[in-house]
Amino acid sequence: MTIGRRVAVIVFPGSNCERDVAYAMQLLGADPELVWHRETDLSEFDGVILPGGFAHGDYLRTGAIARFSPVMTEVERLADAGTPVLGICNGFQILCEAGLLPGALVANRDLKFICRPVHLRVESTDSVLTRAATVGDVLRIPLNSFEGNYVAPAPVLDDLENGGVVLRYSDADGSVSDAANPNGSLNNIAGIANGGGNVAGLMPHPERAIETVLGSTDGRILLESFVASLDRVTA
Amino acid sequence: MTTEAPAHIQLGMTDAEYDAVVDILGREPRPAELAMYSVMWSEHCSYKSSRAWLGRFPTEAPWVVVGPGENAGVVDLGDGWLAALRIESHNHPSFVEPFQGAATGVGGILRDIFTMGARPIAVWDPIRFGPLDDAHNRYLLDGVVSGIAHYGNAVGVPTLGGEIEFSERYSANPLVNVMALGILKQEQLVLSAASGEGNVAILLGASTGRDGIGGASILASASFDESSGAKRPSVQIGDPFEEKKLIEACLELYERGLVVGIQDLGAAGISCATSECAANGGVGMVVDLDDVPLREDDMNAGEILMSESQERMLAIVEPDDVDEVLELAEKWEINGAVIGTVTAGGTLEVRQHGEVVAEVPAASLSEDAPLYRRPAERPEALDRLWADPVDLPAGLDVGETLLRMLDDPAVGDRSWIYQQYDHQLFLNTVIEPGHDGSLLRIKGTTKGLAVSTDGNGRLCFMDPRRGGARIVYESALNVAVTGARPFAVVDNLNFGNPEKPEIMWQFIETIEGMSAACEALGVPVIGGNVSFYNETDGVDIFPTPVVGMLGFADPMPGHVPRLDQAEPGMEVWLIGPEDPTDFAGTTYSRVVLDHVGGRPSDVDHTIGPKVVDEAVRLAHAGVPVLHDISVGGAAVAVAEICFRSGCGARVDSDDWRTLLSAGPHRFLAVVPPGFDLEVTDVPARRIGTMGGNHIDFGRHGRVPLSLAADVWRNAIPRRMG
Amino acid sequence: MTQVRVSITRKDGLSDPEGVATRRALLDLGYDVGEVHFGRIINLEVDDTDEASVRAAVTAMCERLLANPVIEDYSIEVLS
Amino acid sequence: MTQVRVSITRKDGLSDPEGVATRRALLDLGYDVGEVHFGRIINLEVDDTDEASVRAAVTAMCERLLANPVIEDYSIEVLS
Ligand SMILES: Nc1ncnc2c1ncn2[C@@H]1O[C@H](COP(=O)(O)OP(=O)(O)O)[C@@H](O)[C@H]1O
Ligand SMILES: [Mg+2]
Numbered sequence: 001m002t003i004g005r006r007v008a009v010i011v012f013p014g015s016n017c018e019r020d021v022a023y024a025m026q027l028l029g030a031d032p033e034l035v036w037h038r039e040t041d042l043s044e045f046d047g048v049i050l051p052g053g054f055a056h057g058d059y060l061r062t063g064a065i066a067r068f069s070p071v072m073t074e075v076e077r078l079a080d081a082g083t084p085v086l087g088i089c090n091g092f093q094i095l096c097e098a099g100l101l102p103g104a105l106v107a108n109r110d111l112k113f114i115c116r117p118v119h120l121r122v123e124s125t126d127s128v129l130t131r132a133a134t135v136g137d138v139l140r141i142p143l144n145s146f147e148g149n150y151v152a153p154a155p156v157l158d159d160l161e162n163g164g165v166v167l168r169y170s171d172a173d174g175s176v177s178d179a180a181n182p183n184g185s186l187n188n189i190a191g192i193a194n195g196g197g198n199v200a201g202l203m204p205h206p207e208r209a210i211e212t213v214l215g216s217t218d219g220r221i222l223l224e225s226f227v228a229s230l231d232r233v234t235a
Numbered sequence: 001m002t003t004e005a006p007a008h009i010q011l012g013m014t015d016a017e018y019d020a021v022v023d024i025l026g027r028e029p030r031p032a033e034l035a036m037y038s039v040m041w042s043e044h045c046s047y048k049s050s051r052a053w054l055g056r057f058p059t060e061a062p063w064v065v066v067g068p069g070e071n072a073g074v075v076d077l078g079d080g081w082l083a084a085l086r087i088e089s090h091n092h093p094s095f096v097e098p099f100q101g102a103a104t105g106v107g108g109i110l111r112d113i114f115t116m117g118a119r120p121i122a123v124w125d126p127i128r129f130g131p132l133d134d135a136h137n138r139y140l141l142d143g144v145v146s147g148i149a150h151y152g153n154a155v156g157v158p159t160l161g162g163e164i165e166f167s168e169r170y171s172a173n174p175l176v177n178v179m180a181l182g183i184l185k186q187e188q189l190v191l192s193a194a195s196g197e198g199n200v201a202i203l204l205g206a207s208t209g210r211d212g213i214g215g216a217s218i219l220a221s222a223s224f225d226e227s228s229g230a231k232r233p234s235v236q237i238g239d240p241f242e243e244k245k246l247i248e249a250c251l252e253l254y255e256r257g258l259v260v261g262i263q264d265l266g267a268a269g270i271s272c273a274t275s276e277c278a279a280n281g282g283v284g285m286v287v288d289l290d291d292v293p294l295r296e297d298d299m300n301a302g303e304i305l306m307s308e309s310q311e312r313m314l315a316i317v318e319p320d321d322v323d324e325v326l327e328l329a330e331k332w333e334i335n336g337a338v339i340g341t342v343t344a345g346g347t348l349e350v351r352q353h354g355e356v357v358a359e360v361p362a363a364s365l366s367e368d369a370p371l372y373r374r375p376a377e378r379p380e381a382l383d384r385l386w387a388d389p390v391d392l393p394a395g396l397d398v399g400e401t402l403l404r405m406l407d408d409p410a411v412g413d414r415s416w417i418y419q420q421y422d423h424q425l426f427l428n429t430v431i432e433p434g435h436d437g438s439l440l441r442i443k444g445t446t447k448g449l450a451v452s453t454d455g456n457g458r459l460c461f462m463d464p465r466r467g468g469a470r471i472v473y474e475s476a477l478n479v480a481v482t483g484a485r486p487f488a489v490v491d492n493l494n495f496g497n498p499e500k501p502e503i504m505w506q507f508i509e510t511i512e513g514m515s516a517a518c519e520a521l522g523v524p525v526i527g528g529n530v531s532f533y534n535e536t537d538g539v540d541i542f543p544t545p546v547v548g549m550l551g552f553a554d555p556m557p558g559h560v561p562r563l564d565q566a567e568p569g570m571e572v573w574l575i576g577p578e579d580p581t582d583f584a585g586t587t588y589s590r591v592v593l594d595h596v597g598g599r600p601s602d603v604d605h606t607i608g609p610k611v612v613d614e615a616v617r618l619a620h621a622g623v624p625v626l627h628d629i630s631v632g633g634a635a636v637a638v639a640e641i642c643f644r645s646g647c648g649a650r651v652d653s654d655d656w657r658t659l660l661s662a663g664p665h666r667f668l669a670v671v672p673p674g675f676d677l678e679v680t681d682v683p684a685r686r687i688g689t690m691g692g693n694h695i696d697f698g699r700h701g702r703v704p705l706s707l708a709a710d711v712w713r714n715a716i717p718r719r720m721g
Numbered sequence: 001m002t003q004v005r006v007s008i009t010r011k012d013g014l015s016d017p018e019g020v021a022t023r024r025a026l027l028d029l030g031y032d033v034g035e036v037h038f039g040r041i042i043n044l045e046v047d048d049t050d051e052a053s054v055r056a057a058v059t060a061m062c063e064r065l066l067a068n069p070v071i072e073d074y075s076i077e078v079l080s
Numbered sequence: 001m002t003q004v005r006v007s008i009t010r011k012d013g014l015s016d017p018e019g020v021a022t023r024r025a026l027l028d029l030g031y032d033v034g035e036v037h038f039g040r041i042i043n044l045e046v047d048d049t050d051e052a053s054v055r056a057a058v059t060a061m062c063e064r065l066l067a068n069p070v071i072e073d074y075s076i077e078v079l080s
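Protein chains in written order, with the numbering used here: chain C, 1 to 235; chain G, 1 to 721; chain F, 1 to 80; chain X, 1 to 80.
A few of these clues could be false.
Simulated restraints on C-beta separations [to be verified]:
no.	chain 1	residue 1	chain 2	residue 2	range
1	X	28	C	41	26 to 36 Å
2	F	79	C	158	32 to 42 Å
3	X	27	G	386	45 to 55 Å
4	G	135	C	39	42 to 52 Å
5	G	698	X	13	51 to 61 Å
6	F	79	X	13	47 to 57 Å
7	X	56	C	39	53 to 63 Å
8	G	62	C	116	38 to 48 Å
9	G	31	C	41	52 to 62 Å
10	G	31	X	32	25 to 35 Å
A short list of chain F residues far from chain C (calculated; beta carbon distances all over 10 Å) [stated by the list, open to error]:
no.	residue
11	5
12	17
13	29
14	40
None of these hints come from the bench; they were simulated from the model.
Every residue, glycine too, gets a C-beta built ideally from N, C-alpha and C.
Take these sequences, add in the hints, and give me the full structure.
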């Protein structure tokens, strides 16, 4: 039988989307728990989400201080062990800083904070974030960030383009162009995953698109993918 | 050689005020005491020129839990839920340093909310600038919006709207108002009273530095002139990260029932917080400044008492709970320092280095502040203004006129602003910025809160009483179109120099107009703020009251009207009385004719509330689009529906004036063909049909939808680059 | 082209939350540091080779755009 | 205590939106500038007086925390 589906939603000082993510997890049938960043044992959990916000005020560099939080050693251990780990927005930035995902996120091309829905095209289903989706699906999901501009040195990027890119900014028809790039991200990259597909990060906020009353339900497929990845079957 | 002015004059006190201090103390004040009185008795802290008039506002209703006077007003939403609302100005600091001025404005207003025990859930930003063809005004707008975005987004409270106007009158004195909303459960309500001899005062949050020494009195209580540059060191740097930790720490303190009273540190810092806490509780306090965590160690007593360092709170705690409170502070990684003890009697005693540096009756700092009934006189120039109405042509190409109006930055798309603000955090946002009022759900209930901020300085300049009433009605309609009924008001009264009789007259008239409208609507005023001395080099701003209207929907409509739900073939209806003569203060007369003159139409307290009721009823009746008509007239209102819905419209009118006139009590409803509106109480007439690729006014001209939308979308971006 | 480095720091006495947060992180990592303050560098190429006039031009740029004189001080180094 | 200045700049070839925007603004104001690059300064006090060991300690701080080696270069000046 299936037990578990316990999700640790990590709370750093300055995180602010942790309750929203927990709400979404609950809505989708998982069992979320807010976990303070000083915690060092996550062995009871089936998955980990690093939510959005401004961990440590985003000071120094976004994610730079958070990656040294005590909990991150444990997150790294779980990531290596194949446990689903998802970083949303600031959480994605932290995963990059921690080296769990390649590249980095820098200030948006126009140096303005961007809060608006964007379109994302699903590029790969080999990740805990996209396994329930279909390549080519176009999702409308809110973006909400100042440092969402994905950069990586050329060799890293080349490597990533071998299946590591899971979501790209596109227009409503799914065409990927500069005009559809809200923040200057290289190759319109909005979300990526590691080689094993168990660690994924994206800048837009799927938890903000899970109910009709809030304007879109397109984020569900991504979070449902994640929840489905949590299943842990025991004897 | 000039002799230096006496200390109290340098601190902005009059001789008479100084004498009053001597009377209270029975001796000359010590330096730190003088500093405390000067700030606490400043206009900003004491409301000495306005207090006598603010009592006019209606403040009572069965659902008011906390009215004006506390940090925020609180209303009862039923089922144990309360909402807290508060508005503040940060005008002068934002002119000196727009980014930090606006940022710290957000920080301050949030503290007012969580001081009440509430979690802040949304912010609004009514702002005013000089025209955008001037580079400095663009710099100010850019800085203010970035500052609000920086602080609000990082502290994790969504900004759900605001409003903006432009006029030369604001070039040297921009307005930055901020409003915040919080929600809480009944049992979490906390007040700012210290009580219980022996209780302990704990300072929480940031260290105390030399920030904004005398900022409140100097920046907010005096006019600006050439020498304002010298006041610059009083800029404060906001730290949203510290505030975020402080919010979480305080909310946890309340949850665990660990505070007896709490007060935020705003203007006048520690002296204000300690004296108010003590005075509100009818007690005294002994405070030791050696225990205050300092950012710079050589600060003197006056500097520490007066410092306006941000992100600090003063909690009053029972002795047994001190350890738990300090542990909690440590968990959230903020300072927690015991700085004082509550005493019997009413004396506030402050010590530093083992010596008493101040010893004053706590209540005297707030309650004995001077009260002025400054002379008020109606400006004669108003007669000339009223005798100079807009000169209207017999006919007009409304299409072409509309295009010119849409290019105006106060009419054009405001998304350049609100897309810089997180407006979705907490998953409550049902109607996001870009409509009339914004609407938030309260999760776990069927209740919704709608909020709108509204002001119109030009209209209030032309007739402060009518203008004041009209902005209240406009705000009421803005929340009503989301299905919420007007429930409570906060106001921010931004005015010029109160020592001028015509400014006092504007002030009193405005309050009269706003009060009458609130009474007619049955809406209590639960809080507000006064910002005087918005004057630079002798030029006063337009009198600019800003209304923050809280609407309450219980339940929310099953299907909430939105501007983007119009479809080809739907009928466009205009609900409310026609007023084709109302052109004073319209967008048309401002943008096209550059004319300020005539007299705005008065409100109608009989029909006004009925129109609001109809809007609420229609929102619940499933009408897909409701939109209030403001000073842009029906033409602009229809155009906004077209842009948001991506669909043209044809609107017919015998008289072009009905398309561009204002008129206080009107809104549009867009409904499927044959939908029975059942409007009986107020006038309603069908004016057009959605569809086509034009905004088409029949014989009054038309304009291609795509062109109009482009102009509207670019009005702000093309100027801001 | 002349290479210029502009260094911009916050005026004394103003708080520097970023410095405070970074100091704390360094202490947590075991580094014994005192005050930590943040600033910005702007490296510029100016199309002029006369040092005095380059300096004058960059000073004007700082006053008008690069620095915020209300809260920041700046210094200019002409590198080549 | 030794004063140290760390300068951190974006690696060549990676996007520098602040630099690009500032260059555009300077050109708009009529200043003839070539490339413009942004960086940050971190001024630190280190509790140690031996230059070599200060430098070693600050290098370690940069590698671990202050700079992101994926996208940034850093340089260290020991000031006093
Ligand atoms: N300064 C601002 N900050 C955020 N949102 C704003 C600002 N100014 C206007 N808006 C938003 O733009 C929309 C239209 O504003 P406005 O025309 O003032 O509304 P109305 O005329 O209906 O009161 C509203 O949703 C409002 O909240
Ligand atoms: Mg409106």
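Okay, the hints, checked on the actual structure:
1. X:28 / C:41: 26 to 36 Å: 55 Å Cβ-Cβ, so the 26 to 36 Å window is violated.
2. F:79 / C:158: 32 to 42 Å: Roughly 34 Å apart at Cβ, these two residues keep to the hinted range, so it holds.
3. X:27 / G:386: 45 to 55 Å: Given range 45 to 55 Å: holds, Cβ gap about 50 Å.
4. G:135 / C:39: 42 to 52 Å: holds, 51 Å
5. G:698 / X:13: 51 to 61 Å: holds, 59 Å
6. F:79 / X:13: 47 to 57 Å: violated, 21 Å
7. X:56 / C:39: 53 to 63 Å: violated, 33 Å
8. G:62 / C:116: 38 to 48 Å: Given range 38 to 48 Å: holds, Cβ gap about 41 Å.
9. G:31 / C:41: 52 to 62 Å: Because 56 Å falls inside the window, the suggested range holds.
10. G:31 / X:32: 25 to 35 Å: Cβ of residue 31 (chain G) to Cβ of residue 32 (chain X): about 54 Å, so the range 25 to 35 Å is violated.
11. 5: Per Cβ check, residue 5 (chain F) is outside 10 Å of chain C; nearest 21 Å; holds.
12. 17: With a cut-off of 10 Å, residue 17 (chain F) comes too close to chain C, as the shortest Cβ separation is near 7 Å.
13. 29: violated, 6 Å
14. 40: Check passes; 13 Å lies beyond 10 Å.
Violated hints, in rising order: 1, 6, 7, 10, 12, 13; the structure is consistent with all others.
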